[in-house]
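Undergrad: Residue-level listing of the chains:
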Amino acid sequence: MGFIDFIINSILTQASITIALIAFAGLLLQRKPFGEVMSGSFKTMLGFLVLSAGSSIIVGSLLYFGEIFSEGFGMEGIVPSIEAINGQAMNELGLANQIALTFLAIFIFNILLARLTKWKYIFLTGQALLWMATITTVFGSAAGFRGIGLILVGGLVGGIFAVAMPAIAQPIVKKITGGDDIALGHFCTIGYLFAAGIAKVVGKGSDSTENIKFPKGLGFLSDTYLSVAIVMMPLYVITAAFAGSEFGTALSGDVNYIVYAFLQAVQFVVGVYVLLSGVRLLLGEIVPAFRGIALKVVPDAKPALDCPVLFPYAPNAVTAGFVTTTIGTVIAMFVLPWFGLAMILPGMLTNFFAGGTAGIFMNAVGGRRGVLIGGIAHGFFITLLPALLVPSFNGLGFVNTTATDVDTVTAGLLFEWIIQPIMSLFG
Amino acid sequence: MLKILVVCGAGLGSSFACQMSVESVLQDIGVKADLDHSDISSAAGTRADIIISGKNFESQFQRYDLPMDLIFLERLVDKAEIEEKLVPVLKAKGAL
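Protein chains in written order, with the numbering used here: chain A, 1 to 427; chain B, 428 to 523.
There may be inaccurate statements among the hints.
[To be verified] Think about it this way: if two alpha-carbon atoms lie no more than 30 angstroms apart in a straight line, the pair counts; the simulated DSBU-like pairs of lysine-lysine are:
#1 K174(A) x K204(A)
#2 K32(A) x K174(A)
#3 K482(B) x K459(B)
#4 K120(A) x K32(A)
#5 K302(A) x K482(B)
#6 K302(A) x K430(B)
#7 K459(B) x K32(A)
#8 K430(B) x K43(A)
#9 K302(A) x K512(B)
If you're looking for bench data, these hints aren't it; they were derived computationally from the structure.
The structure presented is a predicted model; accordingly, all values stated were derived computationally and were not measured.
The whole structure should be built from the sequences, with the hints applied where relevant.
TA: Laid out in structure tokens, this is it:
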């Protein structure tokens, strides 16, 4: 018994080992050569641990930011970052193992649903599924689910989103790509349709963004880490200035407090960089395996891919959608606190990817005017939903942060508003 | 072995999707290569024989003055376009 206890309590509770074993089994099932099985399993484990290391860097930086922000402005400023939520859920809340297993369960439910229903989509954007698994695990366990129930409920909810979101986006994706070969697998889809709906109403007869000459200078923003840095650096530095030198110096020690704030902002970017490198290592083996298995089980399936595959179809709309969405998030940052909601700082990662993709959607149905007005509404919308989740995140012990990606947030709200009340009726 | 790196903004989603398409093109034409994907910030410091990326990244790659062959795609997962642009490069390298 001692040995079995050791396996259960000391090995299977280590998420990095669990997920490496999942990869190991997947690679064996595909009859890969021994060397590939070993290197693939090891890389998966390495990826998981790199991800955790990145997350603790982010958390360190956010803790500092939270302190100077509340000193400087007398209120809480929330940084929307699904990466930070994932890191904190894995490390501080000890949910890593459940998240890893839910991630696997979402894959399985996705294949089952694609096989059994009309929605023949295989969701291949691994990081989006990982964030989805994070949210269903966090809110599922808050709703009272435990053990295998937690994983199955999370897997089912995530699996439904994985086929339903590409399905509802497909009519507009067809219009954008002029074909039906690829689908969009990105959990910001509800926001895209919301934005497209507004664009359609306001943009009647408006010309396409692709006929405007845009300054090429904004191109560097498609470099993810640069665009995060460009927002985080002034944000930290200005906040530190408001917090004042006395408070700032207490945190920065011998380093000048403004320089320290600047370095902490860079540290945030470092954290995102490390975390996403971990995700890349982690998914490198798992996603192709999943794709191979899925296409065998569901032969006529369409791959649902990450949003930048649409970017080349309307590059101007990407830039325009990014800018107008950012304007919307800035407006929402100031407006939401009036209604008693938290102040959500603009999240540049989401603004770029979700805003850019929304731009393509809006342009397809409402042209320039659609992108302008729809984009501002989109920015407001993708700030409002995460703001509604802030009290829950605070209650669960998360530090100064909230989720992004509106579909993922919607899954959280689904647990919070519908599943949890039902659970408590029975509990 | 020939090393091909596929690049996008975050080095996660679309570069990976593109990598999988490149993989199946290579399989069809019978070329073996070492494939990986990465973000644009890291790409300049990576050793690879060929870099494949989206058209929208072309201007940023020009800043780096990289020695390897660069291929820019209009459609990241379009196998016909990948084959059309990759085959001449592979021939020039003697890999095909």
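Undergrad: Hint by hint, say whether it matches the structure.
TA: A quick look at each hint next to the structure:
About 20 angstroms separates the Cα atoms of K174(A) and K204(A), which keeps this hinted pair within 30 angstroms; it holds. Proposed proximity of K32(A) and K174(A) is contradicted: the alpha carbons are some 36 angstroms apart, above 30 angstroms. Using a Cα cut-off of 30 angstroms, the hinted pair K482(B) and K459(B) holds, with the two alpha carbons roughly 25 angstroms apart. Taking the CA atoms of K120(A) and K32(A), the gap is near 27 angstroms; set against the 30 angstroms cutoff, the hint holds.
Distance check on the hinted pair: K302(A) and K482(B) sit about 24 angstroms apart at the alpha-carbon level, within 30 angstroms; holds. Taking the CA atoms of K302(A) and K430(B), the gap is about 29 angstroms. The hint holds against a cut of 30 angstroms. A threshold of 30 angstroms between alpha carbons decides the hint, and for K459(B) with K32(A) the separation of about 16 angstroms falls inside it, so the pair holds. Under the criterion of a C-alpha separation no larger than 30 angstroms, the hint pairing K430(B) with K43(A) is consistent with the structure, at around 19 angstroms.
For the hint pairing K302(A) with K512(B), the CA-to-CA distance comes to about 24 angstroms; that is within 30 angstroms, so the pair holds.
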